[in-house]
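Engineer: Between the sequences and the hints, there should be enough to build the whole structure, so can you do that?
Each chain, written out:
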Amino acid sequence: MIIDTTEVQDINSFFRLESLKEVYGILWVLAPIFTLVLGITISVLAIVWLEREISAGIQQRIGPEYAGPLGVLQALADGTKLLFKESLIPSRGDTRLFNIGPSISVISIIISYLVIPFGYNFVLSDLNIGVFLWISISSIAPIGLLMSGYGSNNKYSFLGGLRAAAQSISYEIPLTLCVLSISLLSNSLSTVDIVDAQSKYGFWGWNLWRQPIGFVVFLISSLAECERLPFDLPEAEEELVAGYQTEYSGIKFGLFYVASYLNLLISSLFVTVLYLGGSNISIPYLFISEFFEITKAYGVFGTTIDIFITLAKTYLFLFLSITARWTLPRLRMDQLLNLGWKFLLPISLGNLLLTTSSQLFSL
Amino acid sequence: MFLLYDYDIFWAFLIISSLIPILAFIISGILAPISKGPEKLSSYESGIEPMGDAWLQFRIRYYMFALVFVVFDVETVFLYPWAIGFDILGISVFIEALIFVLILIIGSVYAWRKGALEWS
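Protein sequence lines, in the order shown, are assigned to chains E and R.
Under my numbering, think of the first position of the first sequence as 22, with each following residue one higher.
Under my numbering, think of the first position of the second sequence as 3, with each following residue one higher.
Among the clues, some could well be false.
Taking lysine-lysine and the DSS-like style, the derived pairs with C-alpha atoms no more than 25 Å apart in a straight line are [what the hints assert, rightly or not]:
id, chain 1, residue 1, chain 2, residue 2
1, E, K106, R, K116
2, E, K106, R, K42
3, E, K42, R, K116
4, R, K116, E, K363
5, E, K102, R, K116
Hints listed in this document are in silico derivations from the structure and should not be mistaken for laboratory results.
The structure presented is a predicted model; accordingly, all values stated were derived computationally and were not measured.
Structural biologist: In structure tokens, the structure reads:
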């Protein structure tokens, strides 16, 4: 009997251990996800603050200064204010579409962060389809915009939603073709492999030098996909009040706001990953680089440095697009579509054929 | 990278990221004041009474662009597997892909000439 009880206890404790292990396993999966979401949120706050400060600098104003030191907490204060605002639903609109629209556009953009390598093998999930996941999922976002434009039952919103959809499908194809040339060069769609393929020769190994045309096309079309100012036709204030956001207030407007900055951030991250060698130290023949190579494989230190490098390159592009917003005038709708279909599309196709032929010679 | 299989983390991430808007809606539902009025809930039309519905006919141009988009999007999706297997497939498949792209280029030139890519 004694043996029996001990056996039962053993079995019990074994089961408890197993369930504990499972709990740990789930936590182990969830922890990086929460860290990533937290990191994304903080960077969105940082971008909003940066945009305000840079625009103030360009327009010779002071910019935010009261909320926190140098106005760092301004974005947080704005977000909290939006939470406290009444969220109106237009009486004649479609309530379901009206609510689902902003949610879809936020979710579809957040999911793309799954495949971003912030450091050497420091990625949430190294999927084989990598970049393709970004392309396919980011094209869900215009459906959300179309839904919100349609669900508002407002002429401005409807036109804005249509324009948003037309614009993002027009610029999607040059973007996809550029990514195609990149994946052809590195023979993989996985973002980790793409970064690895650029790690040789430091600065000169970047895809930027092998794909200069693709880089420019990618930059322009990702700016257009973000609906940033030279291409912000869907929410052109002078024509469409605020486009598909016209009827939105409170936190739903906040979701659109967050979505646009998330989109900007992920585009800059992808420019970094695809063309600027991601997290590589990027200076060839440097004495220190060997030291980094040693620490890279193991330590927290190497990962931190990697993340720092990635973010530095990313914020460079964020700075570029913010400056472009406050210096360039807006295009007209026909100019926008002409640029997309009659200029960028043939050029990116030509770039693809050029890349394949040069690869063919090196085969 | 972790214990679970590749795409499980995708689903976990999908669930967590869809919690974000839901949480935002709930928190704002608790915190935000509610005061309804007929004027307040009418849709905005530059300050005047909204005239008719917004769900009406719109330009056919949007459809034209969508059609051309579908053609090219399917093309790029077909080109992706070829690009990944480029090393193995070699020259003969390159020529096939070239013919495929050429047909589409002819199609786009046709659409261009017919004015499908004109906005006005």
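Engineer: Each hint needs a verdict: does it hold in this structure or not?
Structural biologist: These are the hints, each one checked on the structure:
1. E:K106 / R:K116: violated, 50 Å
2. E:K106 / R:K42: holds, 14 Å
3. E:K42 / R:K116: violated, 65 Å
4. R:K116 / E:K363: With a Cα-Cα distance of about 14 Å, the restraint between K116 (chain R) and K363 (chain E) holds, given a limit of 25 Å.
5. E:K102 / R:K116: violated, 51 Å
Violated hints for the displayed structure, listed by number in ascending order: 1, 3 and 5.
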